[in-house]
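> Sequence:
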Amino acid sequence: MDQRLDIVTSHRLSSGGLIDRSTPLTFRFDGTTFSGFQGDTLASALVANGVKLVGRSFKYHRPRGILTAGSEEPNALVELRTGARREANTKATTAELYEGLEAASQNRWPSLRHDVMSVNQLFAPIFVAGFYYKTFMWPAKFWEMVYEPAIRRAAGLGRAAVTPDPDHYDKAWAHCDVVIAGSGPAGLATALAAGRSGARVILCEEDFAPGGRLLSDGGTIDGLPAAEWLSRTLAELSSMPDVRIMTRTTLFGVYDGGTYGAIERVNDHLPVPPEHQVRQRLWRIVAKRCVVAAGAIERPIVFAGNDTPGVMMASAMRTYVARYAATPAKRIALFTNNEDGWRTVETALDAGLQIAAVIDARPDVSPAHRSLASRNGFTVLHGSVSGVDGGKDGVRKIAVSLTGGARAEVEADGLAVSGGWNPAVGLTSYHRGRPKWRDDIAAFVPDGAPPGMVAAGAANGDFGLGACLRAGFEAGAAAARDAGRNGNPGSAAVAGDESFSLTPLWHVAGKGKAFVDQQHDVTASDIELAQREGFESVEHLKRYTTLGMATDQGKTSNVAGLAIMAAVSGKSIPETGTTIYRPPYVPVAIGAFAGHHRDENFHATRLTPSHHWAAEQGAIFVDTGLWKRAQWYPRAGEKDWLESVTREVKAVRSGVGFCDVSTLGKIDVHGPDAGAFLDRVYINTFSNLAVGKARYGLMLREDGLVYDDGTTSRLAEDHYFLTTTTAKAGLVMQHLEFCRQVLFPELDVQLTSVSDQWAQFSIAGPRTRDLLKEIVDPAEDLSNEGFPFMGVREVALRGGIKARLFRISFSGEMAFEISVPARYGEAMARNLMLAGKPFGVTPYGTEALGVMRVEKGHVAGPELSGMTTAADLGLGKMMSTKKDFIGRVMAGREALVAPDRQVVVGIKPIDKARRLRSGAHIIPKGQTPGPDNDQGYVTSVCFSPTLDQWIGLGLVERGRERIGEIVHAHDPLRGEDYDVELCNPVFYDPDGGRQRG
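Sequential numbering of the sequence shown, starting at 21, is according to our numbering.
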């Protein structure tokens, strides 16, 4: 414990920074406890504790340290949290520290310091770019047995949680005039100008504190220290009712119609989100204008050993010192090719740190910086870093190639590197935009941004503080005007512009591996190899070497990689070009995209009118599309679902039962041409259907295959009531509207979906009339003569409520379907139970309904598979030859009328004790199972209480010609083989006497 506290003291400055020293925090990394403060990130806390080694590289498992201080970080990826909340590949540089934070390094075994897979470094000559394309070609049979399993085991970096995520995520919409990405000086100036002009403004900042580089680099604005100007600006913006500052929010994507995607990390900075709060929220922001003020990303210089822990971007090093009061090193060397890198020297000296040397690739440096070196006793070397001597514990020595050919060596425990700055062009380059090259800053800048978007400040290549403020203010005022807001924006804040000179330097030749993409272990030699092998196109280079394909999307590596390719191919960088940019700009959790749409909320849930009553009865529910339907009603003492279903079927066959069938699609068809319209969409005729009668109908698709089935009733001369299957309710309505509006616009007919307006119950069994007489007005004649099979009419219920009564049977028993307004659905269920008590009424679910339909040979979803014809289903005679209808011509194609088609038959095992399985293949007896002998399959199965055995329906070649034949059922999935008999698909009451009784 004492040793740990000494480490903290030695790497945390005694004063300064923006951390809250009054709020100390403890956290664990790889099982070791450390200390930090409120306002730290995990990375800054590790730096403050002297931790250099934080991870291992993907391919070679080389030791890696922290390289940056932002979302561009390629190395410091950790597993954050534990258990169900474990999150892989979290950037330590953006993870806010909180009490009890638990983090672990990844991609190592058994430990970070002693990683067995680091042996991969010995095979570096083999593991070059594209090695997997060349290595695993022979022998071919090794691919599935050896190569692929090995590659899959090695793939990935961290471990995902293996239990469901307990947190909740949200999705939300926001509308504004101007959305701004970034709250640095340009972003704040944009918000001030737009807000003062009266615009509705949303300012997105991915950090937990607004300010951007002002938090690390400071400066003077309007004569005030940057911190004071920042505080005043935030106060002014907060006072504007139409300005919203969203911290911990990253604008990650640009989409059509001025829509922008943003991810808000609402409670990622807490161990567990507070009760009833979400962890993250995905925003869809619709804005008239967008200003990208996302700043710029400092780029590395590629040299041997540039991935050694302790080598860090210069801007990141001063961020840790100035913002977090944490010292990445005690004796620092700087390698730079530009003026901005010297700011790190000034920051380090102000913090009392020692500068070992400055290696500047430019031919000369300013007199002010030479004076700074002279006053503080460090050397300025003109040349380049050619190598780094160090290891897991950091940098020890730095090899320098001096201008003129001499060599030097610098002793240091940290190396700050600045190769210039790349404007963050990601957002402006979406919609297949391509940035353009600017020689003066040796970087790509936005060109042709998505409609309504402009870039300002460093994101547009203006690196001076004053320039950022001016550009941001002008962009904000213009955006507000374009949005129709004409208030007075006032004047822009004033600040000086720092000088910026740069001598482009991308790669320094040296002995050892020089890394371009540190997360994917792409080296300079890999890029050179890609060029030699013909992969010069930037898109080919990206895929062949995996440059820029890691979680950081090449934010620190892409431009250097392009520059090296340009050099070896003899082209300029603009001629070499850039790859296509795609969202998201930063990784976004799948949970955030899903929001609440998971588990029970994966999709909308529709409840039947009797749902709550069924729940009271203990019903087991099944998802049927969006509907929750009662599957069966278990009773005390029943050991499984089959016992419950068997009881329900027997009760219906011997007495009476009822089932909620409200989920069937219901469509009202009105108009003088309603009958003619139905004639054209059904294979059979409905224009001659008598009022007060119902008829079964079948629809075809235009290709001649069956689309849907159901009953249609004629309620009046110009009014039909049509039902569809539950699964196709919406699709049939869509199909009919297409027919009405596009195919037959001359017909005077109107369609109305009334599926939710009616609660419908099927009442079935020998005592159905007895039950109905208890709820229907006594004056209603329910006899065979008064209400024949397939009859329909409106009836009065006891109490005066009107209902529709249909003499329709899906069970094979004498049955009626009664339909009442949906608001009376639950009351109807309760009344049926009450009125049916003397008759032993039994509610039954979809399983019993399915059993009875299989016993009766009715086709349903498994047979209406989209691959069957009317003739396949035994319904070919329904196809009218006296009229045209959709699908008629195509149904006559040769293949659809071939005599060897698979048609519906009944199937029952020879062994009555054998369970029949849906999906089993039908093979001729004595033949070897296989594609050549496959003659069909079992579509639907059930245990029939009536026959006391398992039965089923199937589609079998020439099935109707083979009734009585013994064939073989082959079920490779379950490893079952048994003999079955092909039989009549109507197992129960084949003459239909019971349903007409």
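Simulated from the structure, these hints should not be mistaken for lab results. Every value quoted in this text rests on a predicted model; they were computed, and no experiment measured them. Among these hints, one or two may not hold up.
[Claimed, not checked] Derived SDA-like pairs (lysine to any residue); straight-line CA-CA distance at most 25 Å:
no.	residue 1	residue 2
1	K748	V642
2	K822	R873
3	K412	E122
4	K793	T772
5	K308	D262
6	K928	R552
7	K533	E518
8	K857	G820
[Claimed, not checked] Pairwise CB distance ranges (calculated):
no.	residue 1	residue 2	range
9	G590	N396	26 to 34 Å
10	E431	T46	29 to 37 Å
11	R850	N804	23 to 31 Å
12	R563	E636	56 to 64 Å
13	G657	I821	36 to 44 Å
14	L646	M137	43 to 51 Å
15	R563	G176	17 to 25 Å
16	N804	R843	26 to 34 Å
17	D997	S545	35 to 43 Å
18	I930	G103	46 to 54 Å
19	I600	E914	43 to 51 Å
20	T183	S900	20 to 28 Å
21	A635	K932	45 to 53 Å
Virtual Cβ for every residue (Gly too), placed ideally from N, Cα, C.
> It remains to establish, for every hint, whether it holds in the given structure.
Outcome of the hint check:
1. K748 <-> V642: This hinted pair holds, its Cα atoms lying about 17 Å apart.
2. K822 <-> R873: violated (29 Å)
3. K412 <-> E122: holds (22 Å)
4. K793 <-> T772: violated (32 Å)
5. K308 <-> D262: Holds. K308 to D262 sits at ~15 Å (cutoff 25 Å).
6. K928 <-> R552: violated (68 Å)
7. K533 <-> E518: violated (35 Å)
8. K857 <-> G820: Judged against 25 Å, a Cα distance of about 22 Å means the pair holds.
9. G590 <-> N396: 26 to 34 Å: Since G590 and N396 have Cβ atoms about 43 Å apart, the given range 26 to 34 Å is violated.
10. E431 <-> T46: 29 to 37 Å: Holds - the Cβ-Cβ distance for E431 and T46, about 34 Å, lies within 29 to 37 Å.
11. R850 <-> N804: 23 to 31 Å: holds (29 Å)
12. R563 <-> E636: 56 to 64 Å: The hint (56 to 64 Å, Cβ to Cβ) holds, given that R563 and E636 are roughly 60 Å apart.
13. G657 <-> I821: 36 to 44 Å: holds (37 Å)
14. L646 <-> M137: 43 to 51 Å: Once the Cβ atoms are compared, 48 Å apart, the range 43 to 51 Å for M137 and L646 holds.
15. R563 <-> G176: 17 to 25 Å: holds (19 Å)
16. N804 <-> R843: 26 to 34 Å: Distance hint for N804, R843 holds at roughly 32 Å.
17. D997 <-> S545: 35 to 43 Å: violated (59 Å)
18. I930 <-> G103: 46 to 54 Å: holds (53 Å)
19. I600 <-> E914: 43 to 51 Å: holds (47 Å)
20. T183 <-> S900: 20 to 28 Å: The hint (20 to 28 Å, Cβ to Cβ) is violated, given that T183 and S900 are roughly 58 Å apart.
21. A635 <-> K932: 45 to 53 Å: The hinted range 45 to 53 Å is violated for A635 and K932, with Cβ atoms some 37 Å apart.
Checked against the numbered hints above, the structure violates hints 2, 4, 6, 7, 9, 17, 20 and 21; every other hint is satisfied.
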